[in-house]
Amino acid sequence: MAQRCYGVRSTCGPLTKGTRRDSPDPVTLEPQVALASASAASPNTQNSDMQLPGTCAVRFTPPSFNFFTFSNHSPSFISSSSSSSSSSYYYYYYYSASAPKLAPFFAAATMSTVPNTVDDVTTTQIKHHPLQVAKRLENFKTTIFTQMTLLGNKYGAINLGQGFPNFDGPEFVKEAAIQAIRDGKNQYARGYGIPDLNTAIAERFKKDSGLVVDPEKEITVTCGCTEAIAATILGLINPGDEVIIFSPFFDCYEALLSMAGAKIKNITLRPPDFAVPIEELKSIISKNTRAIIINTPHNPTGKIFTREELNSIASLCIENDVLVFTDEVYDKLAFDKEHISPASLPGMFERTVTMNSLGKTFSLTGWKIGWAIAPPHLTWGLRLAHSYLTFAISTPMQWAAIAALRAPDSYYVELRRDYMAKRAILVEGLEAVGFKVFPSSGSFFVLVDHTPFGHENDVAFCEYLIKEVGVAAIPTSIFYLNPEKGNNLIRFTFSKDEETLRAAVERMKKKLRK
Numbered sequence: 001m002a003q004r005c006y007g008v009r010s011t012c013g014p015l016t017k018g019t020r021r022d023s024p025d026p027v028t029l030e031p032q033v034a035l036a037s038a039s040a041a042s043p044n045t046q047n048s049d050m051q052l053p054g055t056c057a058v059r060f061t062p063p064s065f066n067f068f069t070f071s072n073h074s075p076s077f078i079s080s081s082s083s084s085s086s087s088s089y090y091y092y093y094y095y096s097a098s099a100p101k102l103a104p105f106f107a108a109a110t111m112s113t114v115p116n117t118v119d120d121v122t123t124t125q126i127k128h129h130p131l132q133v134a135k136r137l138e139n140f141k142t143t144i145f146t147q148m149t150l151l152g153n154k155y156g157a158i159n160l161g162q163g164f165p166n167f168d169g170p171e172f173v174k175e176a177a178i179q180a181i182r183d184g185k186n187q188y189a190r191g192y193g194i195p196d197l198n199t200a201i202a203e204r205f206k207k208d209s210g211l212v213v214d215p216e217k218e219i220t221v222t223c224g225c226t227e228a229i230a231a232t233i234l235g236l237i238n239p240g241d242e243v244i245i246f247s248p249f250f251d252c253y254e255a256l257l258s259m260a261g262a263k264i265k266n267i268t269l270r271p272p273d274f275a276v277p278i279e280e281l282k283s284i285i286s287k288n289t290r291a292i293i294i295n296t297p298h299n300p301t302g303k304i305f306t307r308e309e310l311n312s313i314a315s316l317c318i319e320n321d322v323l324v325f326t327d328e329v330y331d332k333l334a335f336d337k338e339h340i341s342p343a344s345l346p347g348m349f350e351r352t353v354t355m356n357s358l359g360k361t362f363s364l365t366g367w368k369i370g371w372a373i374a375p376p377h378l379t380w381g382l383r384l385a386h387s388y389l390t391f392a393i394s395t396p397m398q399w400a401a402i403a404a405l406r407a408p409d410s411y412y413v414e415l416r417r418d419y420m421a422k423r424a425i426l427v428e429g430l431e432a433v434g435f436k437v438f439p440s441s442g443s444f445f446v447l448v449d450h451t452p453f454g455h456e457n458d459v460a461f462c463e464y465l466i467k468e469v470g471v472a473a474i475p476t477s478i479f480y481l482n483p484e485k486g487n488n489l490i491r492f493t494f495s496k497d498e499e500t501l502r503a504a505v506e507r508m509k510k511k512l513r514k
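Each residue of the sequence shown is one higher than the one before, starting from 1 at the first, in the UniProt record's numbering.
Each statement offered as a hint is correct.
No farther apart than 30 Å at their CA atoms in a straight line, the calculated lysine-lysine pairs in the DSS-like style are these:
{"no.": "1", "residue 1": "Lys422", "residue 2": "Lys467"}
{"no.": "2", "residue 1": "Lys185", "residue 2": "Lys217"}
{"no.": "3", "residue 1": "Lys332", "residue 2": "Lys174"}
Ranges of calculated distance between the beta carbons of each label pair, as one might list FRET restraints:
{"no.": "4", "residue 1": "Glu338", "residue 2": "Ala503", "range": "28 to 38 Å"}
{"no.": "5", "residue 1": "Thr146", "residue 2": "Tyr412", "range": "29 to 39 Å"}
{"no.": "6", "residue 1": "Lys282", "residue 2": "Ser410", "range": "39 to 49 Å"}
{"no.": "7", "residue 1": "Ser312", "residue 2": "Lys287", "range": "14 to 24 Å"}
These aren't lab readings, by the way, just hints derived from the structure by calculation. Predicted model, so just to flag it, every value in this text is computed and none were measured. Every residue gets a Cβ at the ideal spot worked out from N, C-alpha and C, and that includes glycine.
Modelling step: build the complete structure from the supplied sequences, incorporating the hints.
As structure tokens, this is what we get:
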């Protein structure tokens with residue numbers, strides 16, 4: 001296995017430059033010693049090159065620097081202890097680009113220092129600490145999004161993997177944020193949202209679903225939709241509760257349910273249309289089933305749950321007293337079918353938590369403004385969890401979110417039109433290259449079958465696509481409890497400007513071969 005250490009001069013990596021945390025100016029980092037090896041030899045060796053795979057130790061001058069970052073290709077950093085201490089601690093991440101299924105290794109080196117002098121470091125001075133992680137997370141690795149992005153950055157690939165735009169959000173929303181900052185709206189906000197934002201969310205929800213909700217008792221503003229999901233799961237799910245998810249699924253569902261101690265039950269949506277197998281769903285509901293998680297429009301398939309499917313799910317939930325947690329962050333990116341919020345169906349609001357966010361609709365994914373809408377008896381639990389997760393959300397961004405949510409209907413019409421044009425560019429290009437493309441009715445993702453190109457699985461193909469073609473995509477097997485069910489599929493995003501999409505298609509046309 002080829003292994004690489006980034007940011008140090010060693011047997012497996014080049015010297016690069018880093019920057020101080022408190023300064024944008026480049027600082028040349030001069031390693032006095034670099035101990036690293038890709039060899040799998042025994043770590044007990046007495047050789048001056050330490051034979052411990054995946055670890056490095058390096059001494060930098062000046063020792064007074066508190067923080068360095070030094071790689072575009074790896075989540076690497078070095079931090080030192082106080083200069084008054086007799087020892088400095090240097091921590092860094094090591095990433096093996098050739099094995100994206102593996103988590104980064106973590107190591108710490110303790111080195112004796114004398115201020116303003118340069119000392120040699122030997123292996124006898126280095127203390128290594130194993131990675132520490134709670135049992136609830138020990139089965140999880142670094143996300144595939146991080147891994148593919150790191151690899152893509154290294155090879156200069158066009159990133160059609162991660163689902164965020166490479167263009168900015170509307171000026172009127174950004175100006176509202178700037179004005180809020182200038183107006184001094186910069187301190188803690190109320191934990192569950194500033195009143196005007198809660199009201200704006202209620203207004204939008206009424207317009208979209210026809211439901212009238214109480215902004216004070218039924219709406220909670222969160223740090224993006226991911227925190228809304230976390231607060232809902234941690235606030236309403238007990239250890240041992242069964243929760244049903246549909247594969248392929250957004251990867252945080254599995255991790256958060258595992259943290260809550262839930263028992264995950266799975267229904268697979270199969271191509272080409274990814275229809276919900278209602279009879280199969282009915283067969284796995286038991287007296288211990290607490291909730292079903294629905295994501296519509298769906299990531300990664302682009303599926304929009306039909307009214308017939310949602311009515312069938314609703315009937316099962318009412319009959320068996322099951323909750324629904326619904327992730328609707330792509331609700332304004334429904335192209336070919338109508339988006340229906342499950343909470344709007346008869347008898348469903350009282351058992352549904354509806355989650356959404358600002359980022360996807362307004363191309364402001366870094367702002368992390370989300371919300372959860374639920375009846376008071378469900379809001380209580382999720383608010384309690386929320387109060388101990390983040391307490392309150394960025395105050396000026398909440399004021400800007402009000403302006404966003406009160407955008408005219410013409411904004412959403414233009415948004416859908418633009419994304420449909422982007423979708424057409426990517427889908428037509430992928431089909432011309434030779435992929436089997438599955439229809440995407442919503443979101444900004446499209447799934448394709450990569451098997452015509454003859455690679456072992458989706459991870460191997462995505463690595464090839466990055467290294468040899470220069471385009472990054474996401475292997476879909478990570479969206480399944482059983483990876484074998486998704487290893488013939490990969491996900492592309494069309495949340496990029498048209499020039500970027502065309503450039504990616506051209507690279508594939510020139511370099512991709514069946």
